[in-house]
Every structure is written in C-alpha cells, then in structure tokens.
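S.K.: Sequence:
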Amino acid sequence: FTGDPATLYIGGGTPSRLSADTLLGLVETVGAPDVTVEANPEDLEPEWLEALVAGGVSRVSLGVQSTVPRFARRLGRAHVPAGPAIERLRGSGLDSWSVDLIFGLPGQTLADLVADLEALLAHEPPHVSLYGLTIEPGTGFARLEARGREMEPDADVWRSMYDHLVERLEAAGLHRYEVSNFARNGHRSAHNALYWQGAPYLAVGPGAHGFAPDGRRWVNASWAGWRRGEE
1 FTGDPATLYI
11 GGGTPSRLSA
21 DTLLGLVETV
31 GAPDVTVEAN
41 PEDLEPEWLE
51 ALVAGGVSRV
61 SLGVQSTVPR
71 FARRLGRAHV
81 PAGPAIERLR
91 GSGLDSWSVD
101 LIFGLPGQTL
111 ADLVADLEAL
121 LAHEPPHVSL
131 YGLTIEPGTG
141 FARLEARGRE
151 MEPDADVWRS
161 MYDHLVERLE
171 AAGLHRYEVS
181 NFARNGHRSA
191 HNALYWQGAP
201 YLAVGPGAHG
211 FAPDGRRWVN
221 ASWAGWRRGE
231 E
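Every letter in the sequence shown is one number past the one before it in the working numbering, and letter 204, counting from 1, is 204.
Since the hints were derived computationally from the structure, they do not count as laboratory data. Hints may contain errors.
As the list claims (entries may be wrong) - Taking CB as the label site, the calculated pair distances span: (1) Val30 with Arg90: 25 to 31 Å; (2) Gly225 with Ala122: 30 to 36 Å; (3) Leu75 with Tyr162: 14 to 20 Å.
Beta carbons: idealized from backbone N, C-alpha and C, even for Gly.
Go ahead and model the full structure; you've got the sequences and the hints to work with.
M.R.: In structure tokens:
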C-alpha cells in the first residue's frame, strides 16, 4: 500500500462502545478526509456524537436493523427506540449519515416490513443500507433452524420484500447506487463506492478483511492469531 488513504471506515464490531477520545485518536492517526463510524442506537449519546463531529468524523452509520421491538429483540438489539438516535444524527451537523435495515426476518410479513420502512423514512435519512438476513453457522438462528424452525422466507416472499424496498426508496428520493445501498443526491458513501471500483483497502483488527493492490484478499479470521501478531 502506498499513498495517503482516501477513506477510513470504523466498524463492524461495536465502535460506538469506544470513547470519543479513542476514536478520534485513530481518526487523527490515519488522516483520511472521509471518515465513517458505525454506531448502535443505544450508544448514541449527544456528547459522544458532538465530539465526533467536532473531531472530523464526516459520517455515522446507525445499525437500526429494525424499528419494530419484537424483531429488534430477535436480532439481539437492546430494547431502545431508534427514533431519538436517528433524530440526533439528523440534527448533528454531520456531512451525511445512514441507517441500516435488515429484512427477511423470522416471522416477518411484507406488511411488517412496509411499516418498518415507513418508520425509517419518516426521519428522512440521506442514506439507507439494506441487508437480507442470512443464517450464519454457530448463531442462534442457525441452531433454531437445525431444530426444524423455519428461519428464512421463501424465495418469492424475499423477492417481493426486496422489490418493495427498492421501489419505495426510489420514490422517496433514495437512489440505488449498488446492490445494498441507496442515497439521496450528494450522499453516496465514498468508502462503499471504492469497494465496487475494485480499489485496495487495508484491514486492521480482528475479523477485518482487506484487498491488496495485487488482487490478493485476506481476513484476520482468528482473534488469537491477530493478538499474537500485535504482540
């Protein structure tokens, strides 16, 4: 890797559990002009957010996942309404911000999804990321599925959900610029766009995945191995 970084993306994991001073130390060290920090709604304290804005963070991606309490609980989210956190972002002075929505949840109907999306759109987000639920090995959903519980909708229902999401977001002025991401004019994620352009990116930290200039990909899959490398 050579040259100066164009973007810095802090997340997944839960970077909003870190202090503002810790995050801003990383921002200052890297020195990228475009900085995104992921956050959970329950962590978005006003003082923390104000410090990030003042310290040069340009964008926050909020992991709402669902505004419906029963679905949020199934996804492991704390039982905290997302609305106040979204409104804090809206009035924060950030260059941009984004919300995540997961669909295809166990027991979710198209009507449930419509209500969930409308609750998000009421806050006029400049950017929305959509993710269809995937059942990963070793998760609670995978264990329930192994016991015979139906965890994912059939393909036709999933497609109906996705088609509705795309149509409604486009109607609301949020235009799809890649598979999962929708933005109003001027609010595309520079970091997301670089992925799709095949630009190299450096992975730092356990679980992070990277793409080298020579085309090699890697992932820091083992926390213990990553820790040994740090030591």
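S.K.: Out of the numbered hints, which ones does the structure contradict?
M.R.: 2
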